[in-house]
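Engineer: Residue strings, one per chain:
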Amino acid sequence: MIDKIVASLAAAVADVHDGATVMIGGFGPAGQPAELIDALIDQGARDLTIVNNNAGNGEVGLAALLKARRVRKVICSFPRQTDSYVFDALYRSGEVELELVPQGNLAERIRAAGAGIGGFFTPTGHGTLLAEGKETRVIDGRAYVLEYPIRADFALIKALAGDRWGNLIYRKTGRNFGPIMAMAAKCAIAQVQRTVSLGELDPEAIITPGIFVQRVVAVNATRADSGDHQAVA
Amino acid sequence: MNRRSRDQIAARVARDIPEGAYVNLGIGLPTLVANHLPREREVFLHSENGLLGMGPAPAPGEEDPDLINAGKQPVTLLTGGAYFHHADSFAMMRGGHLDICVLGAFQVSATGDLANWHTGGPDAIPAVGGAMDLAIGARKVFVMMEHLTKGGESKIVERCSYPLTGIGCVHRIYTDLAVIDVTPRGLQVIDVADGLGFDELQRLTGVRLLAVSESVVA
Numbered sequence: 001m002i003d004k005i006v007a008s009l010a011a012a013v014a015d016v017h018d019g020a021t022v023m024i025g026g027f028g029p030a031g032q033p034a035e036l037i038d039a040l041i042d043q044g045a046r047d048l049t050i051v052n053n054n055a056g057n058g059e060v061g062l063a064a065l066l067k068a069r070r071v072r073k074v075i076c077s078f079p080r081q082t083d084s085y086v087f088d089a090l091y092r093s094g095e096v097e098l099e100l101v102p103q104g105n106l107a108e109r110i111r112a113a114g115a116g117i118g119g120f121f122t123p124t125g126h127g128t129l130l131a132e133g134k135e136t137r138v139i140d141g142r143a144y145v146l147e148y149p150i151r152a153d154f155a156l157i158k159a160l161a162g163d164r165w166g167n168l169i170y171r172k173t174g175r176n177f178g179p180i181m182a183m184a185a186k187c188a189i190a191q192v193q194r195t196v197s198l199g200e201l202d203p204e205a206i207i208t209p210g211i212f213v214q215r216v217v218a219v220n221a222t223r224a225d226s227g228d229h230q231a232v233a
Numbered sequence: 234m235n236r237r238s239r240d241q242i243a244a245r246v247a248r249d250i251p252e253g254a255y256v257n258l259g260i261g262l263p264t265l266v267a268n269h270l271p272r273e274r275e276v277f278l279h280s281e282n283g284l285l286g287m288g289p290a291p292a293p294g295e296e297d298p299d300l301i302n303a304g305k306q307p308v309t310l311l312t313g314g315a316y317f318h319h320a321d322s323f324a325m326m327r328g329g330h331l332d333i334c335v336l337g338a339f340q341v342s343a344t345g346d347l348a349n350w351h352t353g354g355p356d357a358i359p360a361v362g363g364a365m366d367l368a369i370g371a372r373k374v375f376v377m378m379e380h381l382t383k384g385g386e387s388k389i390v391e392r393c394s395y396p397l398t399g400i401g402c403v404h405r406i407y408t409d410l411a412v413i414d415v416t417p418r419g420l421q422v423i424d425v426a427d428g429l430g431f432d433e434l435q436r437l438t439g440v441r442l443l444a445v446s447e448s449v450v451a
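Read top to bottom, the protein sequences are chains F and H. Anchor point for the first sequence: position 69 equals 69 in this note's numbering, and the numbering is continuous, going up by one each time. All you need for this note's numbering is the position in the second sequence, starting with 1, plus 233.
Hints should not be assumed to be uniformly reliable.
Taking beta-carbon pairs under 10 Å as the criterion, some of the chain F residues facing chain H (in silico) [said to hold, decoys possible]: (1) M1; (2) A55; (3) S84; (4) L100.
Footprint (simulated), chain F over chain H, 3 or more residues, beta carbon under 8 Å [what the hints assert, rightly or not]: (5) 278 to 286; (6) 397 to 408.
Taking lysine to aspartate or glutamate and the EDC-like style, the derived pairs with C-alpha atoms no more than 20 Å apart in a straight line are [what the hints assert, rightly or not]: (7) K172(F) / E296(H); (8) K73(F) / D356(H); (9) K172(F) / E433(H); (10) K4(F) / E135(F); (11) K4(F) / D153(F); (12) K186(F) / E59(F); (13) K305(H) / D321(H); (14) K373(H) / E295(H); (15) K305(H) / E59(F); (16) K172(F) / D297(H); (17) K172(F) / D299(H); (18) K186(F) / D18(F); (19) K186(F) / D47(F); (20) K305(H) / D83(F).
The set of hints was computed from the structure by calculation and includes no laboratory data. Every value quoted in this text rests on a predicted model; they were computed, and no experiment measured them. Glycine is no exception: its CB is placed at the ideal position from the N, C-alpha and C atoms.
Just chain F, with the same shape it has in the complex:
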């Protein structure tokens, strides 16, 4: 029987290796897999490259991972926030490298990795500092910049519910980067508010099909799958 549900947060991140590229879902606090990040801090992997939209808030979640000095490089679109002081200090002292990517290019580069695309031409950023040194091409009279996919060893994402095949649904704007990061990582780990039985998720409404997900872990340990459901109306 296939069961992608793992027993604990610690088990879910046990094999994250030093030097790994780790995508972390979330747009600010919405969709941020805070418990998985805490587990990664406890696990101890270092020299990580982190892909996220931001670079941490306050001293929790991604900011706590940065503060623990586990991160070598951040790939993101918007590091500077009113409460990003942990990142700001590490960046200014040269302890963390930053690759700044326009938000839509970040999303599309992640999607491209998951979709097996080798690169794509995008109009976003053309003629700006963020396209300096990049290949450009004029297509049908419009200028584009060549961008490459961003792949990851692991993705840590947050979803509302998942089943033992790894099918996921999300909650409101917490969805943000979850579906595309799951596609782009060799090992996608989803923390969910609750695990559900096979069949409980409406097949018409599943957002991330289980093929993109390797591990599911319930955060509040509310595993409620005594048996697989036959059908859902």
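For this one, chain F is given, so just place chain H on it according to the hints.
Structural biologist: Quick look at chain H alone, frame taken from chain F:
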């Protein structure tokens, strides 16, 4: 002269947003526009973190940490609204599906170049977010800003001195002094604040403007 207040500029922008438009309001000043869209006019507000049909701020105590806008403020979803992931959200922009986006700016050039993401200062930590995607993505890009810097310099310039967000992407500029279109013929004044003459506007702007009387459209 009566400078337009921030709310008056927002109301002026709202006049140009028709029913049925798909619209992204950038962070800061542009968010005020939502307050001036008449209730009976159906306009679809897009927020790049992944929602269409964005509603107003929730009542105190009703905030949901999973329901926020691009500025990370709590919002609501209108009946009929939808959530989607980031690649779809930016496809809506880059793919030309948004009718209008309204952005703030540091500077706009005479040819519609936009600078609004980075001051280029040596100690500034660069952050771009969705600014570059919005600048090139929407069918029409409206800029909303003060006409002058705090030091009295024109923010409408011959060439931007700040790092660019997009090239030739701005269609219309709304300031506390005037509404100005970026056209192939130059910067065409559409209307001016009450009590402000064209000569005075021209003197403050420092880039050649075309007066309302020079408009090709009667």
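Engineer: For every hint, state whether the structure bears it out.
Structural biologist: Outcome of the hint check:
Given hint, M1(F) at the interface with chain H, is violated; its Cβ is 30 Å from that chain's nearest Cβ, farther than 10 Å. Restraint check, A55(F) versus chain H: the minimum CB separation of about 9 Å is within 10 Å; hint holds. The beta carbon of S84(F) is positioned within 10 Å of a beta carbon in chain H (closest approach about 8 Å), and the interface hint is therefore held. At its closest, the beta carbon of L100(F) sits 5 Å from a beta carbon of chain H; the interface hint therefore holds under the 10 Å criterion.
With 5 residues bearing a CB less than 8 Å from a CB of chain F, the region 278 to 286 of chain H meets the requirement of three and the coverage assertion stands. Three residues within the 8 Å Cβ limit are the bar, and the region 397 to 408 of chain H against chain F gives 4, so the coverage statement holds. Straight-line distance between C-alpha atoms of K172(F) and E296(H) comes to about 13 Å, which keeps the hinted pair within the 20 Å bound. Restraint check: the Cα-Cα separation between K73(F) and D356(H) comes to about 19 Å, which is no more than 20 Å; the hinted pair holds.
For the suggested pair K172(F) and E433(H), the alpha carbons sit about 50 Å apart, so the restraint of at most 20 Å is broken. Proximity of K4(F) to E135(F) is assessed by CA-CA distance (about 41 Å); at most 20 Å being required, the pair is judged violated. For the given pair, K4(F) sits about 17 Å from D153(F) by alpha-carbon distance, which is consistent with the 20 Å threshold. With a CA separation close to 28 Å, the supplied pair K186(F) and E59(F) exceeds the 20 Å bound.
For the hint linking K305(H) to D321(H), the alpha-carbon distance of about 19 Å falls within 20 Å, and the restraint holds. For the hint pairing K373(H) with E295(H), the CA-to-CA distance comes to about 34 Å; that exceeds 20 Å, so the pair is violated. Of the pairs offered as hints, the one joining K305(H) and E59(F) holds, with about 17 Å between alpha carbons and a cut-off of 20 Å not exceeded. A threshold of 20 Å between alpha carbons decides the hint, and for K172(F) with D297(H) the separation of about 9 Å falls inside it, so the pair holds.
Under the criterion of a C-alpha separation no larger than 20 Å, the hint pairing K172(F) with D299(H) is consistent with the structure, at around 6 Å. The straight-line distance between the Cα atoms of K186(F) and D18(F) is roughly 16 Å, inside the 20 Å bound, and the hint therefore holds. Our distance criterion of 20 Å between C-alpha atoms is met by K186(F) and D47(F), whose separation comes to about 18 Å. Among the hinted pairs, K305(H) with D83(F) is consistent with the structure: their alpha-carbon atoms are about 13 Å apart, no more than 20 Å.
Hint compliance for this structure: hints 1, 9, 10, 12, 14 are not met, and every other hint is.
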